[in-house]
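Model the full assembly from the supplied sequences, consistent with the hints where possible.
2 protein chains.
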Amino acid sequence: KGINSLLARGVYDSAFPLHDVSITETLLHEEWANYGVMHKYQPVDLIRKYFGEQIGLYFAWLGVYTQLLIPPSVLGIIVFLYGIFTADANVPSQETCDDNLNITMCPLCDGVCDYWRLSTVCSLARASYLFDNGATVLFAIFMSLWAACFLEHWKRRQMCLKHTWDLTSLEDEEVEKYIQGYCMRERKESRLQEFTDIKATFHVVATRAVCVCVQIFVTFSAVFGVAVYRICMLSVWSMNPDPEAKDSVRMTVTTTGIILNMLVVLVLEEVYGAIAVWLTELELPKTKEEFEERLIFKSFFLKSMNAFAPIFYVAFFKGRFAGRPGDYVYVFGDYRMEECAPPGCLIELCIQLSMIMLGKQLIQNNVFEVLIPKLKKMYRTIQEEKGKKRAAENSEVKEEEKRPKQQFDKDFALEPFEGVSSEYMEMIIQYGFVSLFVASFPLAPAFALLNNVIEIRLDAAKFVTEIRRPDAVRCKDIGIWYNILCGISKFSVITNAFVISFTSEFVPRMIYQYMYSVNGTMNGYTEHSLSYFNVSDFPPGTAPTTTLITGVTMCRYKDYRDPPWEPDAYTFSKEYWSVLAAKLAFVIFFQVLNEY
Amino acid sequence: KGINSLLARGVYDSAFPLHDVSITETLLHEEWANYGVMHKYQPVDLIRKYFGEQIGLYFAWLGVYTQLLIPPSVLGIIVFLYGIFTADANVPSQETCDDNLNITMCPLCDGVCDYWRLSTVCSLARASYLFDNGATVLFAIFMSLWAACFLEHWKRRQMCLKHTWDLTSLEDEEVEKYIQGYCMRERKESRLQEFTDIKATFHVVATRAVCVCVQIFVTFSAVFGVAVYRICMLSVWSMNPDPEAKDSVRMTVTTTGIILNMLVVLVLEEVYGAIAVWLTELELPKTKEEFEERLIFKSFFLKSMNAFAPIFYVAFFKGRFAGRPGDYVYVFGDYRMEECAPPGCLIELCIQLSMIMLGKQLIQNNVFEVLIPKLKKMYRTIQEEKGKKRAAENSEVKEEEKRPKQQFDKDFALEPFEGVSSEYMEMIIQYGFVSLFVASFPLAPAFALLNNVIEIRLDAAKFVTEIRRPDAVRCKDIGIWYNILCGISKFSVITNAFVISFTSEFVPRMIYQYMYSVNGTMNGYTEHSLSYFNVSDFPPGTAPTTTLITGVTMCRYKDYRDPPWEPDAYTFSKEYWSVLAAKLAFVIFFQVLNEY
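These protein sequences, in sequence, are chains W and D. Take the first sequence: its letters are residues 1 to 596, numbered as in UniProt numbering. Take the second sequence: its letters are residues 1 to 596, numbered as in UniProt numbering.
If you are wondering where the hints come from, they were derived from the structure by calculation, not from laboratory data. A couple of the hints might just be wrong.
To be verified - The calculated PhoX-like cross-link candidates involving lysine-lysine, where the alpha carbons are at most 25 Å apart (straight line), are:
#	chain 1	residue 1	chain 2	residue 2
1	D	Lys386	D	Lys405
2	D	Lys476	W	Lys162
3	W	Lys162	W	Lys476
4	D	Lys410	D	Lys377
5	W	Lys374	W	Lys389
6	W	Lys410	W	Lys377
7	W	Lys162	W	Lys288
8	W	Lys574	D	Lys558
9	D	Lys374	D	Lys410
10	W	Lys558	W	Lys574
11	W	Lys558	D	Lys574
12	W	Lys490	D	Lys155
13	D	Lys288	D	Lys476
14	W	Lys49	W	Lys410
15	D	Lys374	D	Lys388
16	D	Lys162	W	Lys476
17	W	Lys574	D	Lys574
18	W	Lys476	D	Lys155
19	W	Lys162	W	Lys49
20	D	Lys490	W	Lys155
21	D	Lys476	W	Lys155
22	W	Lys162	D	Lys162
23	D	Lys389	D	Lys377
24	W	Lys389	W	Lys405
25	D	Lys377	D	Lys360
26	W	Lys476	W	Lys286
27	D	Lys374	D	Lys405
28	W	Lys360	W	Lys376
29	D	Lys462	D	Lys360
30	W	Lys476	W	Lys49
31	W	Lys288	W	Lys49
32	W	Lys360	W	Lys377
33	D	Lys155	W	Lys155
34	D	Lys162	D	Lys49
35	D	Lys490	W	Lys490
36	W	Lys377	W	Lys405
37	D	Lys162	D	Lys476
38	D	Lys405	D	Lys389
39	D	Lys476	W	Lys476
Structure representation (structure tokens):
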């Protein structure tokens, strides 16, 4: 109890160790909290000595992570450059841009939309190739290996730090305690007691389950809401008679949609953080460690779901349930489900991912980590000034005023330390962005690297100058975060496999080249990947009312379905099933490859 | 050095601790090495006290494994009984047996073989259903969970034993040594030295690589040789004019093939064991532990490959490359590749697995573990008698002869102890049989359980009465065997997924029921799963020369291919691709299900 109970009763305002200016202003500033030493290793031993093991381990981990981001960043940039340099030789995008092929596509909305030429989406097809080429697949495989290496490397580094910092004894005690507990439990057969415990905590579990369900529901409805916004805006704007507005509608709607998504993610993240704390307090965990662990687990679950839901939507759901011409799927009566842009969903995924990742980092770093603390400080200074003025009016404490400010006065003005969890959380979510969908955006590691190099020094400056010196906490490793990292790495293999085979067009292109192409080249792929639709099969009211393109009897759409002149018109064709089998085989191949 | 160098120079014949008859004949015999106590737990603490930690851990592990085999055994028998009781209601096998459907199948060999009625394989189709029904899939999922539980349970038990037997300190020393080594190595950068090491050991590595390649080649050629034997025998016997011989040919060839396979497995296992020892000695490992570990790894690799190769062949390769009527695949000029029996490969896999597993256990337990030691003992007794006679002739040591036999004389007559590796190996290969292909043979756990209950007491009797008391060896856990178990468990998820989707007919049946069936029942499945072949498309010389079935214009074969009257005759049909996609989707589903 001691000081804590005095603090709780308000006898003292606060209790904290003082900053040691002789270290912070010289050693730590010169060797660490300084943009000038960005290219150097961090003085981890010094950090540990000054802040304790917990914070030392955090910065050591951040250092290892940032350092190991260098190879994938370089390779990602090379992959991107490869895309740029080979874009001109890419047959599918050439064919898309070729006006002579004269491919008429089915309208994108009912009634008001016209037929359109495939060559109008030429630039998007070119852009799509930058992220959807063979090198991306190799890069995704590399990234899975990289994740395994990263975890292994960190395990070794941690073991070494444990040895150097003499944390092994800490571990032994814990293990010994656990084993004793387990062996005794086995003998005592305390199941009956556990059962009553279960009954007692039932209402807590129920509350938690309901809360989590509500939050999952909120996240998904937010994603769905933005999708509905896009669907509605598209059909409303399409009715605009101005042709210029019509051309830009898709771009505008996509951009505003992404910005909306990002804002929702940022707002919900703060809300979920608060809810996770509340939920964990409900559970009344017995020790501080237990509290931390549960809180981390809950907030990680909610925050990551929140951050990744819009991206998962674009990667795996958008455009999958749109139906086909003549048999579209409608939501809310007469709004058609949204489709991806014609060159594939990958480019949309890529834009979405880059925007959310960059936006989140920029806004969080600048607003939450720099601006808000500054504002808080300013507010406090103003408050203090007021206090001083009042004091000056009363002219009672003049004597003390004149004394130079003591270190504890200075430190009291700083923000209290609130644990390293939020720092870890930010980095882990970033790790998720880097690994989960790297197959769609090879530049992600480079952006992460750039962010982290700055982040380390920003955090360093924060710890040294803006928050009170924390109590040194001993801990033997980074704990649950390591398990979360392992989980993300494992999961990323699956998501990347699915992104490559279902979001990108890698597999259909390969299948065309080696199974259907007459001369083994990609020529004719665009033609092959589009199905025919007889415009006379449009249900009443869905055919374009006015059209600039005359004499259209057949329009084309992106799918593998039998043409209207076959007996099973508009059912999935043999190509569809063979491509699907190849996609699934690729997923298995990719998974097995990464496991062994 | 000491006693070891004296032993090496032949000063002493042998050095070993003596058996303590007061313990072996009372406590150990009553509570352990006795079939009467089969239903009780083993006295593990006593075993450890008498034989040391290594052997104690082996029997503790064997006990846990045997105990945990009980639930899958019971469930496996239930699944099998479920198959028996629902066999009559099974539509596909009813349809196969229905003479009225009058399905004429294409001949099984060129020229001499006749067309045949599908209803002639009725009994095989019924037997096939016993192992290929919906319950088997659930059982395979259960077994994957079981494997995870088993490993987890053993980890806990081992931790507990470690604590009770005070083996934790042993571990700490090792870990500490390793970390020190690692951290120092990191600083010293001893890569150059490692490089020279690599050069020095290059010829050893080369020898090893060549040897392992040769052995892999031998194993595969053995499997392939047996396949060739079957192919040749089938075509030779088919020419036999006696109709009775013709009917039994398939059964005879399959049975002899399996027996051949089993003999090859048993012989090669002994050979590979010797080769593994020789190879490991070539490598000159520095410590005894290193030697053991390398030897185990090598012999496990070779022996398991040897034991599982014929089963893998039947599960995934047999009948996959046989071609189709009119376009068969031939080996060695004019022998057709072998096909599976018409109700599917699963029944053959099931027979193969049960025969190899049972045969291996019976022969190894009876011949290698009981008969050969007995023979050796007999041989030694005869030798001794001879020695005595000679001694009696010389009548020099008469005095000593009359003295009662000392304990060291008795123990010297026993077999020397040769490590627990071979015991582990046997059990681990059995674990492989139980887990890898459990989807095809749900009775495997029951057979394993039966074997192990006997095995424990057999081993116990061996340790107590037939071999010299071993030196007590301290070790902290079961070492590399745990990793091997983990590897097998992981691998078994994949093999079971592939067995269910590619060897069994579960997925095609489901697809038929939910996609193609007109009324949602299985009626018509047999018809749907057979393709048409126009007999006028037989290449010259391959059509049956004489036929008992008249008026055949179309014969049927098991595959999903377009019929002769469609434009793409005999190419894979839409059904083929959709079933393939479903199979692959099932593999992914099964894998993901088991991972989380």
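Verification of the hints:
1. D:Lys386 <-> D:Lys405: With a Cα-Cα distance of about 17 Å, the restraint between Lys386 (chain D) and Lys405 (chain D) holds, given a limit of 25 Å.
2. D:Lys476 <-> W:Lys162: Roughly 22 Å separates the two Cα atoms, so the pair holds.
3. W:Lys162 <-> W:Lys476: holds (7 Å)
4. D:Lys410 <-> D:Lys377: Holds, at about 12 Å.
5. W:Lys374 <-> W:Lys389: This hinted pair holds, its Cα atoms lying about 22 Å apart.
6. W:Lys410 <-> W:Lys377: Roughly 12 Å separates the two Cα atoms, so the pair holds.
7. W:Lys162 <-> W:Lys288: holds (22 Å)
8. W:Lys574 <-> D:Lys558: Cα-Cα ~20 Å, so holds.
9. D:Lys374 <-> D:Lys410: At roughly 16 Å apart (the allowed maximum being 25 Å), Lys410 (chain D) and Lys374 (chain D) satisfy the hint.
10. W:Lys558 <-> W:Lys574: Given that 25 Å is the threshold and the Cα spacing comes to 15 Å, the pair holds.
11. W:Lys558 <-> D:Lys574: holds (19 Å)
12. W:Lys490 <-> D:Lys155: holds (23 Å)
13. D:Lys288 <-> D:Lys476: holds (15 Å)
14. W:Lys49 <-> W:Lys410: holds (22 Å)
15. D:Lys374 <-> D:Lys388: holds (21 Å)
16. D:Lys162 <-> W:Lys476: holds (22 Å)
17. W:Lys574 <-> D:Lys574: Given that 25 Å is the threshold and the Cα spacing comes to 5 Å, the pair holds.
18. W:Lys476 <-> D:Lys155: holds (22 Å)
19. W:Lys162 <-> W:Lys49: At roughly 14 Å apart (the allowed maximum being 25 Å), Lys49 (chain W) and Lys162 (chain W) satisfy the hint.
20. D:Lys490 <-> W:Lys155: holds (23 Å)
21. D:Lys476 <-> W:Lys155: Holds, because 22 Å separates the two Cα atoms, which is no more than 25 Å.
22. W:Lys162 <-> D:Lys162: The hint holds at about 23 Å.
23. D:Lys389 <-> D:Lys377: Within the cut-off at roughly 18 Å; holds.
24. W:Lys389 <-> W:Lys405: holds (17 Å)
25. D:Lys377 <-> D:Lys360: Given that 25 Å is the threshold and the Cα spacing comes to 24 Å, the pair holds.
26. W:Lys476 <-> W:Lys286: holds (20 Å)
27. D:Lys374 <-> D:Lys405: Satisfied, since the Cα-Cα distance of roughly 21 Å is no more than 25 Å.
28. W:Lys360 <-> W:Lys376: Since the Cα atoms of Lys360 (chain W) and Lys376 (chain W) sit roughly 21 Å apart, the hinted pair holds (cutoff 25 Å).
29. D:Lys462 <-> D:Lys360: This hinted pair holds, its Cα atoms lying about 19 Å apart.
30. W:Lys476 <-> W:Lys49: holds (15 Å)
31. W:Lys288 <-> W:Lys49: Within the cut-off at roughly 23 Å; holds.
32. W:Lys360 <-> W:Lys377: Judged against 25 Å, a Cα distance of about 24 Å means the pair holds.
33. D:Lys155 <-> W:Lys155: holds (21 Å)
34. D:Lys162 <-> D:Lys49: Holds, because 14 Å separates the two Cα atoms, which is no more than 25 Å.
35. D:Lys490 <-> W:Lys490: holds (14 Å)
36. W:Lys377 <-> W:Lys405: Holds - the C-alpha atoms of Lys405 (chain W) and Lys377 (chain W) are around 17 Å apart, at most 25 Å.
37. D:Lys162 <-> D:Lys476: Measuring from Cα to Cα gives roughly 7 Å; hence the hint holds.
38. D:Lys405 <-> D:Lys389: holds (17 Å)
39. D:Lys476 <-> W:Lys476: Given that 25 Å is the threshold and the Cα spacing comes to 23 Å, the pair holds.
The structure shown violates none of the earlier numbered hints.
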